[in-house]
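Visitor: Residues per chain, in single letters:
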Amino acid sequence: MIQYVSIVLMLIGIYGLLIDRNIIKIIVALNIFEVGLNIFIVSVGFVSGGVAPILTSVNSNSALIYVDPLPQALVLTSIVIGLGTTALALAIARKMYNAYNSLDLDEIGGMDND
Amino acid sequence: MKRIAVIILLGVLGFFIFSGIYSNEAFTEFGNVDLNNRVSNKFITKSVTDENDIVEFGKSSNLETGSANYVTSIVVNYRSFDTLGEVTVLFISSLGVALLLGTLGGKLTHKYRANFILRVGAKTIFPLIALTGIYIFIHGHLTPGGGFPGGSMIASAVLLLYLADENFRAKMSSFKLAESFAGSLYVLIGIFGLLTSGYFLNNFMNTGVIGDLFSAGIIPIVYVLVGLKVGSELTGIITDFLKVEVDE
Amino acid sequence: MRLISLIETITSLLLILLAILAVSSKKMITSIIYLSFLSMLAVLSFAIMKAPDVAVTEAVIGSGLVTAVFLFTLLSMKKAGDE
Numbered sequence: 001m002i003q004y005v006s007i008v009l010m011l012i013g014i015y016g017l018l019i020d021r022n023i024i025k026i027i028v029a030l031n032i033f034e035v036g037l038n039i040f041i042v043s044v045g046f047v048s049g050g051v052a053p054i055l056t057s058v059n060s061n062s063a064l065i066y067v068d069p070l071p072q073a074l075v076l077t078s079i080v081i082g083l084g085t086t087a088l089a090l091a092i093a094r095k096m097y098n099a100y101n102s103l104d105l106d107e108i109g110g111m112d113n114d
Numbered sequence: 001m002k003r004i005a006v007i008i009l010l011g012v013l014g015f016f017i018f019s020g021i022y023s024n025e026a027f028t029e030f031g032n033v034d035l036n037n038r039v040s041n042k043f044i045t046k047s048v049t050d051e052n053d054i055v056e057f058g059k060s061s062n063l064e065t066g067s068a069n070y071v072t073s074i075v076v077n078y079r080s081f082d083t084l085g086e087v088t089v090l091f092i093s094s095l096g097v098a099l100l101l102g103t104l105g106g107k108l109t110h111k112y113r114a115n116f117i118l119r120v121g122a123k124t125i126f127p128l129i130a131l132t133g134i135y136i137f138i139h140g141h142l143t144p145g146g147g148f149p150g151g152s153m154i155a156s157a158v159l160l161l162y163l164a165d166e167n168f169r170a171k172m173s174s175f176k177l178a179e180s181f182a183g184s185l186y187v188l189i190g191i192f193g194l195l196t197s198g199y200f201l202n203n204f205m206n207t208g209v210i211g212d213l214f215s216a217g218i219i220p221i222v223y224v225l226v227g228l229k230v231g232s233e234l235t236g237i238i239t240d241f242l243k244v245e246v247d248e
Numbered sequence: 001m002r003l004i005s006l007i008e009t010i011t012s013l014l015l016i017l018l019a020i021l022a023v024s025s026k027k028m029i030t031s032i033i034y035l036s037f038l039s040m041l042a043v044l045s046f047a048i049m050k051a052p053d054v055a056v057t058e059a060v061i062g063s064g065l066v067t068a069v070f071l072f073t074l075l076s077m078k079k080a081g082d083e
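Protein chains in written order, with the working numbering: chain A, 1 to 114; chain B, 1 to 248; chain C, 1 to 83.
Since the hints were derived computationally from the structure, they do not count as laboratory data.
A few of these clues could be false.
[Unchecked claim] Derived, one-sided and incomplete: chain C residues facing chain A with beta-carbon distance under 8 Å:
1. Leu17
2. Met28
3. Ala59
[Unchecked claim] Taking lysine to aspartate or glutamate and the EDC-like style, the derived pairs with C-alpha atoms no more than 20 Å apart in a straight line are:
4. Lys27/C - Glu107/A
5. Lys26/C - Asp104/A
6. Lys59/B - Asp106/A
7. Lys42/B - Glu56/B
8. Lys27/C - Asp104/A
9. Lys27/C - Asp106/A
10. Lys171/B - Glu64/B
11. Lys59/B - Glu166/B
12. Lys42/B - Glu25/B
13. Lys123/B - Asp212/B
14. Lys27/C - Asp20/A
15. Lys123/B - Asp165/B
16. Lys243/B - Asp104/A
17. Lys42/B - Asp82/B
18. Lys26/C - Asp20/A
19. Lys59/B - Glu107/A
20. Lys123/B - Glu107/A
21. Lys123/B - Glu166/B
22. Lys42/B - Glu64/B
23. Lys95/A - Asp106/A
24. Lys26/C - Glu107/A
25. Lys95/A - Glu107/A
26. Lys26/C - Asp106/A
[As the list claims (entries may be wrong)] Simulated coverage check for chain C against chain A, where a stretch passes if three residues somewhere in it have a Cβ under 8 Å from a Cβ of chain A:
27. 6-12
28. 19-26
29. 48-58
30. 66-74
Here a beta-carbon is modelled for each residue, glycine too, at the ideal position from N, C-alpha and C.
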């Protein structure tokens, strides 16, 4: 169920990227796309009935069934990268607002053509 | 009109994604993954280079990586070079934000005034949040968490101080110092591993018994460094975003 | 086991609903708040899929710092929140 939902989230993110003309909302759509992608990558490694991939005094043996830890390690770094790219995109959006006094891509494009 | 075209396009795209993924025999269904066919099996029994049958918490010692948290053992030991590149990407993005917004002028002002409860409560809560962040990245090899969430918690503690007090300014020079110190020490540890055992970022220390605080060789050291670096970089990004234009 | 699958279904439906709301809302500030809520539900789905490390990271970064950075951008703009 949650794997299908993650693909639907990615599609909604692409829809927002194509439809919206506001820069802030385009970045929001990019974030929705990223959340969907992260959920999909984690769901690839899910084992039903498995335990979380940490050895503790309760789950103390490597012979138990564990969830795949590799996709989780990839997503862990991907989330932090996501914050970096979002911050950079927002900084560029702020510079554009200072230069054109608008956030709408149609208005900004129209100014250049005049 | 455009909306309809986009919806048709997305329908086609969704059809190809769903049919491409779920008709592929190599793609196992959700929840039916067999780890014995995957590379992660080697990570779980900790036998990538050594042959190893079973790992027991609190008993097994001197394995190739002594981390009880498997995700940490992948992030900081097996794929540590990847993490070094990732930290570099974060550094470049924080540098880009500083270049784009740093020219606005250094004045930090809010358009609102914090109320009494926020001002008093922030002083009490700030040490607790910072302590939780430090705890999380020191225990990264035993409990969930690690350098990335721990560093972000430190950055969010600084954010709380910014919100509570409009005259507060983080001492960015010490954060910059911590960041460059942590980054260069990470690379130096990698080069030391290259010199002593022949591989960049090799775990050259004794890994100890699984489950102890002082175990897992270089993993806690590297994760503390990653936590400091991520925390200082995110604090820098937040400080840059709070800058307002002084005059046009 | 039944409770987990019930939580999973509710989380999935709310994820899709919030994504649609975040994309289609008119005001920027509502869109950002819906995004924060979406990240919080993503934390829940990561916890259901037995990924505690990812859940902790997403809780701190996805719904904390990303929202803060978005809000500071809006605060710095004069006509924040409209259209």
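Visitor: State for each hint whether it applies.
Guide: Each hint tested on the structure:
no.: 1; hint: Leu17; result: violated, 10 Å
no.: 2; hint: Met28; result: holds, 5 Å
no.: 3; hint: Ala59; result: violated, 10 Å
no.: 4; hint: Lys27/C - Glu107/A; result: holds, 18 Å
no.: 5; hint: Lys26/C - Asp104/A; result: holds, 13 Å
no.: 6; hint: Lys59/B - Asp106/A; result: violated, 65 Å
no.: 7; hint: Lys42/B - Glu56/B; result: holds, 15 Å
no.: 8; hint: Lys27/C - Asp104/A; result: holds, 13 Å
no.: 9; hint: Lys27/C - Asp106/A; result: holds, 17 Å
no.: 10; hint: Lys171/B - Glu64/B; result: violated, 40 Å
no.: 11; hint: Lys59/B - Glu166/B; result: violated, 53 Å
no.: 12; hint: Lys42/B - Glu25/B; result: violated, 23 Å
no.: 13; hint: Lys123/B - Asp212/B; result: violated, 34 Å
no.: 14; hint: Lys27/C - Asp20/A; result: holds, 12 Å
no.: 15; hint: Lys123/B - Asp165/B; result: holds, 10 Å
no.: 16; hint: Lys243/B - Asp104/A; result: violated, 23 Å
no.: 17; hint: Lys42/B - Asp82/B; result: holds, 19 Å
no.: 18; hint: Lys26/C - Asp20/A; result: holds, 10 Å
no.: 19; hint: Lys59/B - Glu107/A; result: violated, 67 Å
no.: 20; hint: Lys123/B - Glu107/A; result: violated, 45 Å
no.: 21; hint: Lys123/B - Glu166/B; result: holds, 14 Å
no.: 22; hint: Lys42/B - Glu64/B; result: holds, 11 Å
no.: 23; hint: Lys95/A - Asp106/A; result: holds, 17 Å
no.: 24; hint: Lys26/C - Glu107/A; result: holds, 17 Å
no.: 25; hint: Lys95/A - Glu107/A; result: holds, 15 Å
no.: 26; hint: Lys26/C - Asp106/A; result: holds, 16 Å
no.: 27; hint: 6-12; result: holds (count 4)
no.: 28; hint: 19-26; result: holds (count 4)
no.: 29; hint: 48-58; result: holds (count 9)
no.: 30; hint: 66-74; result: holds (count 5)
Violation of the numbered hints given earlier is confined to hints 1, 3, 6, 10, 11, 12, 13, 16, 19 and 20; the remaining hints are satisfied by the structure.
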